[in-house]
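**Q** Line order of the protein sequences matches chains A, B, C, D, E, F, G and H.
With the working numbering, letter number 54 in the first sequence gets 656, and the count goes up by one each step, no holes.
With the working numbering, letter number 43 in the second sequence gets 645, and the count goes up by one each step, no holes.
With the working numbering, letter number 43 in the third sequence gets 645, and the count goes up by one each step, no holes.
With the working numbering, letter number 241 in the fourth sequence gets 843, and the count goes up by one each step, no holes.
With the working numbering, letter number 94 in the fifth sequence gets 696, and the count goes up by one each step, no holes.
With the working numbering, letter number 168 in the sixth sequence gets 770, and the count goes up by one each step, no holes.
With the working numbering, letter number 83 in the seventh sequence gets 685, and the count goes up by one each step, no holes.
With the working numbering, letter number 79 in the eighth sequence gets 681, and the count goes up by one each step, no holes.
Careful, some of the hints might be misleading.
Claimed, not checked - Derived DSS-like pairs (lysine-lysine); straight-line CA-CA distance at most 27 Å:
1) A:720 / B:720
2) F:619 / E:720
3) E:716 / F:716
4) B:716 / A:716
5) B:716 / A:720
6) G:716 / H:720
7) G:720 / H:720
8) D:619 / C:720
9) H:716 / G:720
10) E:720 / F:716
11) D:720 / C:716
12) D:716 / C:720
Derived by calculation from the structure, the hints in this document are not laboratory data.
Quick caveat: nothing in here was measured; it's all calculated off a predicted structure.
8 protein chains.
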Amino acid sequence: MKPESIKQLFEQVRRGKLSPDEAVERLRHLPFEDLGFAKVDHHRVLRAGMPEVVLAEGKSAAQVAGIFARLARQGTNVLATRATEEQFRAVRRRVRRAEYRELARAIVLRQDRKRYGKGRIAVVSAGTGDIPVAEEAVVTAEAMGNEVEHFYDVGVAGIHRLLAHREALSGARVVIVCAGMEGALPSVVGGLVGVPVIAVPTSVGYGASFEGLAALLGMLNSCASNVSVVNIDNGFGAGYVASMINRL
Amino acid sequence: MKPESIKQLFEQVRRGKLSPDEAVERLRHLPFEDLGFAKVDHHRVLRAGMPEVVLAEGKSAAQVAGIFARLARQGTNVLATRATEEQFRAVRRRVRRAEYRELARAIVLRQDRKRYGKGRIAVVSAGTGDIPVAEEAVVTAEAMGNEVEHFYDVGVAGIHRLLAHREALSGARVVIVCAGMEGALPSVVGGLVGVPVIAVPTSVGYGASFEGLAALLGMLNSCASNVSVVNIDNGFGAGYVASMINRL
Amino acid sequence: MKPESIKQLFEQVRRGKLSPDEAVERLRHLPFEDLGFAKVDHHRVLRAGMPEVVLAEGKSAAQVAGIFARLARQGTNVLATRATEEQFRAVRRRVRRAEYRELARAIVLRQDRKRYGKGRIAVVSAGTGDIPVAEEAVVTAEAMGNEVEHFYDVGVAGIHRLLAHREALSGARVVIVCAGMEGALPSVVGGLVGVPVIAVPTSVGYGASFEGLAALLGMLNSCASNVSVVNIDNGFGAGYVASMINRL
Amino acid sequence: MKPESIKQLFEQVRRGKLSPDEAVERLRHLPFEDLGFAKVDHHRVLRAGMPEVVLAEGKSAAQVAGIFARLARQGTNVLATRATEEQFRAVRRRVRRAEYRELARAIVLRQDRKRYGKGRIAVVSAGTGDIPVAEEAVVTAEAMGNEVEHFYDVGVAGIHRLLAHREALSGARVVIVCAGMEGALPSVVGGLVGVPVIAVPTSVGYGASFEGLAALLGMLNSCASNVSVVNIDNGFGAGYVASMINRL
Amino acid sequence: MKPESIKQLFEQVRRGKLSPDEAVERLRHLPFEDLGFAKVDHHRVLRAGMPEVVLAEGKSAAQVAGIFARLARQGTNVLATRATEEQFRAVRRRVRRAEYRELARAIVLRQDRKRYGKGRIAVVSAGTGDIPVAEEAVVTAEAMGNEVEHFYDVGVAGIHRLLAHREALSGARVVIVCAGMEGALPSVVGGLVGVPVIAVPTSVGYGASFEGLAALLGMLNSCASNVSVVNIDNGFGAGYVASMINRL
Amino acid sequence: MKPESIKQLFEQVRRGKLSPDEAVERLRHLPFEDLGFAKVDHHRVLRAGMPEVVLAEGKSAAQVAGIFARLARQGTNVLATRATEEQFRAVRRRVRRAEYRELARAIVLRQDRKRYGKGRIAVVSAGTGDIPVAEEAVVTAEAMGNEVEHFYDVGVAGIHRLLAHREALSGARVVIVCAGMEGALPSVVGGLVGVPVIAVPTSVGYGASFEGLAALLGMLNSCASNVSVVNIDNGFGAGYVASMINRL
Amino acid sequence: MKPESIKQLFEQVRRGKLSPDEAVERLRHLPFEDLGFAKVDHHRVLRAGMPEVVLAEGKSAAQVAGIFARLARQGTNVLATRATEEQFRAVRRRVRRAEYRELARAIVLRQDRKRYGKGRIAVVSAGTGDIPVAEEAVVTAEAMGNEVEHFYDVGVAGIHRLLAHREALSGARVVIVCAGMEGALPSVVGGLVGVPVIAVPTSVGYGASFEGLAALLGMLNSCASNVSVVNIDNGFGAGYVASMINRL
Amino acid sequence: MKPESIKQLFEQVRRGKLSPDEAVERLRHLPFEDLGFAKVDHHRVLRAGMPEVVLAEGKSAAQVAGIFARLARQGTNVLATRATEEQFRAVRRRVRRAEYRELARAIVLRQDRKRYGKGRIAVVSAGTGDIPVAEEAVVTAEAMGNEVEHFYDVGVAGIHRLLAHREALSGARVVIVCAGMEGALPSVVGGLVGVPVIAVPTSVGYGASFEGLAALLGMLNSCASNVSVVNIDNGFGAGYVASMINRL
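The task is simple: from the sequences and hints, build the whole structure.
**A** Structure follows, in structure tokens:
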């Protein structure tokens, strides 16, 4: 249910086709259509102008397919994150045009191909291990109607590789930086660009990386002031925040 | 030294008044004018179009005054954060027009009153203890040329107080939310608005708040996808990131 | 062995059918009937007026069935938590009327259907991932003779969904709130109701949720004063505490 | 402002003395009477039937006195926790009948001496160092209209001292247990009584007590199922939760 | 190689059968007989009068069997801890008289049945989940020549069960107490007996038990002064320390 | 009150001077003689045959003096740990023969000079910073009737200094080892002696020592099996445990 | 691509065979030859004079083989760490002369057998469980052209075994020390030698070793001043740092 | 006492002026000359060829002066770290030529001005707050006979400032890098140079820097393989390790 439909609801009230009480009742029930295992909130679309998202992890293939199919009927883009191939196969049986983005472990349905973002979003990652998280950010930002460019394998220990992309980076309106281990990349990138940087710590590393804690702490303490941080491995969140900024 | 001065440098090269080598030399030396205890980086202005900032904490009053006076000569706004009254008195002896913002513990010099932000920044805080951090964000955003509105003492245990401001919050282009203890406020605010939310955990609390760790973890795990996070008590960082977003 | 049986023991003493010494001896031996792998404590029933409970996790199917069957002979309700279907099958072979509550991963035997709770217990949960913990609380409270109502998928990022249930929540005598990730829900619910709130952090989340630590810390630091907390994923404990309060 | 006053507001509407709009307006403004540094929420009284509470820690003596005096005008009991003697002196200059409870570090004003609690609340503490926290719970519960009995210095290493009070403990309707160091006391007490136990970890201890963390973890992992936990040193919260239970 | 053999070495020197240089050389080489993957230290027997011990965990069945067989030739008792049944089968093929203690997950070879301990060692455990650790302590103490008595399933939430064994406990010369979850049992036991208590935290529990951390911290902060602590799940260490004390 | 007095109580019962009921009453009241701020437990002497101990830290000089004087009347040795000179002066005004052991920060009253320990206790420490903790152990063990020998400044980075004392160490019946920083000393000492080693981590160090946590973890993971551990800086506990062992 | 090739590039410029622009272009493109999943950085060889290294963990066998084969063409030594046998088989199908070092879990290709290190590197380890990490250090140092000698199973609880090697250790130019559990070995070795010691904490241990954290903290707090530390289980890093030192 | 003196000792033995027994006795007593509060170990000089060092923190001015004066008599350089001005004044009264290095908080006595290091040591630091730690490293390395060059205020958020020094850095034989906050600098520097990098995390920062923990974890997880790490704020250790490397 997109804003247009709600506007029509009010229009019907204005024209006397619905009493205000009836309208309130209809609006009230809309977000609570019960799927049996989860209440899908149509209002979220209204509020944020964003596509619907399912966290596939921890759900059965049948559950993911059920929720996905339901959401697909709203006409928006639909995204299932942390999805397995098995979950994808279950989804595709019900939603033919759904695609699987393997690197990002995401199921995507593009029904709305409008460009919402005003500029370009750059996604930078430090090592090959960070690519799944970076790809989740890419897929999310694309599903939200943004042009996205990525720069992978440009870690800080080979600073010349990053600097070679400096000009390209400067052209972005928002930059997402994914890094595990010491998580130093956002600080360096933050110093190179004059736009907001969304830092994503990844759980790449071992020993004293403590599943991404080292990278997370590093990013929170960044000496670059234009850096803000999302949860460990939260590529989706970074893509979402960046998309919201890019629409402003 | 603002972008204008650098443009003139290139102009002089174009007109043959300076050889490229001389220009490079001059540019090269500019950022390293040595103050004895810290190298002031003029390039940062060039890159970010932002005012100069001094972290006053841990520096002597004389050091703060020395750096502040030097920066003031660039013509930009100057901000000293986590400053004591004693440091302020030292600054004022050298920079007459500097002001002390007591709640924010900040020294501010406004030399550039241009409005750089395109919309309004809202600053929300949960309890009275969070106000110093919130005020640091306010002062920072103002010094960076933004219109700022604040909503204090609207914690989640009295949700009606927050909801009473819902409409006003919706009018902001970026929202900063400061909260200590359980740090739940950004999630609720994130659900109410359709713009980026910068969450600032504060060290307000005791016992299992572990100096802001509880709030920090809460914010990183926010179920609202439009939330990104800065360091504990980092009102300055939140104001800086929000300003950068508001310029886009 | 329920209080009634103990009362009869004293009655027999009063009537001279047993000497006090014999009675003491009989009482003394009752709680130590040895099952080989665990001493079942009948006194717990006497003391608390509560059913018997087995933590199935980490025990073999045969062990669970053995303990369960033994407890079933006391005539009370019996509950096995964190039980697998395999454990259930072993139990059912010995106790025909035992049921498996799949969502709650619990085996229940209802032999005593008396209503012990004076009012209603509400169980609220934030996301679909929190449902197993919430259901464990529901099953526990029901097995302890309470009327239970649940409100699922009402997380704080969509505050209107929670507020839609405000009136229903206000009718409860005790409220259990289960939430993972940032664990903010108990604070909001605590502000909406004037009764005790038992908060249960769940291990739902990833990255900086640190297996439920973020939610736990958030709840311990709740700004709502009517909130107390049990262990991560401890739906049973929450149901038990709530039942005890509801009997007062 | 107590419930009675709100009832009168509706009565005036019923009698036509106020239009609904006027009434809504009046109600809407009530909770936001601005004190300059904090919004006092009269609604909280309405909702919970509880006295007003000020956390004095971190506020100036003048601020505490200002808030306290304002709250005193509502006619309810008023409690300032973690208050210094200096803060008390400032309060007494404005509120003559305020008292200082030194052990509890609390300022109390009793204006409403009605007994709200149906039974007795027992407060148990392990060592002499835990007494300030225990006393804060006592003062809170008393200010909320409860009969309170305390049992101090009954740590688990001298179990006979605790057992000597077993009968007295059994007579309580709710038990609060405060303990630092290993925090074992709530488990033992929980096993002795058949009513809810509110456990309060204290920061008493050194070394590996990590400012109360050891006691907190111990209590969260209690093998007694009737135990729920509040924040470290949160005597107020324990008194508040216990009072709410005792009113049911 | 037991002390007797070394004594003979010196005897040979005294009688002139060996020059001191030859004796030193012989002694020097003894402890370094190389097994290919680990140097077996015969001196340890000499020094401590204790049996040889192999940590089986993380070694292949063949490795365990190889080391075990080698050690068996010294004539002492041999103990392999954290051993699987598969490792045991490999051992038994080479050392016929080795036995497997399933609950303790230990392989034992008793070649020396002398009683070294002067009194009795009591092993107490809180829950059924703690039994494997307790049994490892029992097996260790027995292999070191002690009389051992165990008291299982006597957790603090049912304090009467522990008190029923008070007299028996008082007869022990050293007490080992194993407990997971809140780890409160050693404090209570410590208060009941006048002998050293060795506390063993176990990893039994979930959520905020953090794999035994809660129990460990609880025991380190014990208010009973006769308690010292070994590593989480270290039943072997507790049995070893207790044996050493019991020989004094 | 020492065992002798209790024996007389029973004697009076035997002789008919007291009825059993009167004796029970008298015994019951003995341990609860109330000092106003703390219940002194005379039974502890009876149970453990140990002197009375006061933790002076966090108590006023008057409180310490009050408790100390009261305990002094029992005729046993009395020890106040973590005591300041000011507290000592208050004690000496009431108990003339009390002494202050400055290095150990302890107040000692020796009234019972009997030797209870069968052998010698050795106290070893790594650096000069560890001496206060080591001295607390020395004072405690002496007050409990033991012969004590100390070996200070024998850290592992200068292993020859420790080895020079090897023979002397071997003569001890129990060894206490105090070390901060990496806490490696107990492992080395444990390997050198064939008797129980009580390890005391100290908070000496900085940075990643985390107030003694590094040393604590090191000691808990000691590869020497005869090591058990007490709390950080708990010299008293180590002295107490060692004394108890030395009496066996 | 080794330094020689780059020198030739500059030679061609000197001789006029290449314009500086062409040379810059060629150099610029060299490091970015794209393998599809990772950019191989030839410059690293140039800069460090070191072989190429692949972290095999988390990569598919095909990926490892692809990268390994590509790197092999540079003519340098190639090392794949944390490699499985399956990955090795895939590599050997493409690079015949690659060898698998099972203990070290490493695939090695020696194409350059020049001795770069000036002296000998000693690798010391505490227990048998530490050998894989120690072997990774050995393999790394050998692949980098060093003479390596190892001393295994010389833990601190049997200090005489370590001391027996003292002279041999003193002959090394750098010492690598691998230890898990309490991580005490580097401090003792550091005190025995007058050369740099690289400490490698290993995740060997259980319970309070917290996956190597205890050893890591121990080593960071070493009282031997010649010790520096690398990440937990980072045998490769230790071998690399030691090699770099040994070339000086 | 320097190696020369020991050589003379052996010379006297060779010439028959001393019997071996007398020489052993003399050598044996040398390191244990007791200063009353600490044993000064002359052997350390012999072993490492390094100056004597006193950790002044936590010692009285008189103690520092006593130890310093004693050490000064050996003829080596003497260094007191973490020293206050008051301690310095006490030292200077006894050792006229001692100097105070204020920024480094160090007292230095240069008696031996020989250059022991073969190359130059570079000390790099990120922010002005890191300078005290960096200066401690400088002073230490100088006292150990090295040429030292420092590069301050070259944090990663202004990468051009660091790159401007690239050539100078490349000339060093060892590089020490001090950084607080996110601790990213060693990774970037490590990628720029082909020599060993000693990383020193500093406690500069606030909030989630957790007193240097964030920087420490970042450095341990460095993606640059030539980095090893010392304790937080351990400038002395870094200078010591670097000096030892530079002598090779």
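**Q** Against each hint, give a clear statement of whether it holds in the structure.
**A** Now for the hints, and whether the structure bears them out:
1. For the hint pairing residue 720 of chain A with residue 720 of chain B, the CA-to-CA distance comes to about 15 Å; that is within 27 Å, so the pair holds.
2. Annotation: proposed proximity of residue 619 of chain F to residue 720 of chain E is violated, straight-line Cα distance about 41 Å (limit 27 Å).
3. Our distance criterion of 27 Å between C-alpha atoms is broken by residue 716 of chain E and residue 716 of chain F, whose separation comes to about 35 Å.
4. Note on residue 716 of chain B and residue 716 of chain A: the hinted pairing is violated, with a Cα-Cα distance of about 35 Å set against a maximum of 27 Å.
5. Distance check on the hinted pair: residue 716 of chain B and residue 720 of chain A sit about 24 Å apart at the alpha-carbon level, within 27 Å; holds.
6. Of the supplied pair hints, the one linking residue 716 of chain G and residue 720 of chain H holds, its CA atoms being roughly 24 Å apart against a limit of 27 Å.
7. Using a Cα cut-off of 27 Å, the hinted pair residue 720 of chain G and residue 720 of chain H holds, with the two alpha carbons roughly 15 Å apart.
8. For a cut-off of 27 Å, the pair hint linking residue 619 of chain D to residue 720 of chain C is broken: about 40 Å separates their Cα positions.
9. This hinted pair checks out: residue 716 of chain H and residue 720 of chain G have alpha carbons roughly 24 Å apart, not beyond 27 Å.
10. At most 27 Å may separate the alpha-carbon atoms for a hinted pair to count; residue 720 of chain E and residue 716 of chain F meet this at roughly 24 Å.
11. Restraint check: the Cα-Cα separation between residue 720 of chain D and residue 716 of chain C comes to about 24 Å, which is no more than 27 Å; the hinted pair holds.
12. Note on residue 716 of chain D and residue 720 of chain C: the hinted pairing holds, with a Cα-Cα distance of about 24 Å set against a maximum of 27 Å.
Of the numbered hints listed earlier, those contradicted by the structure are 2, 3, 4 and 8.
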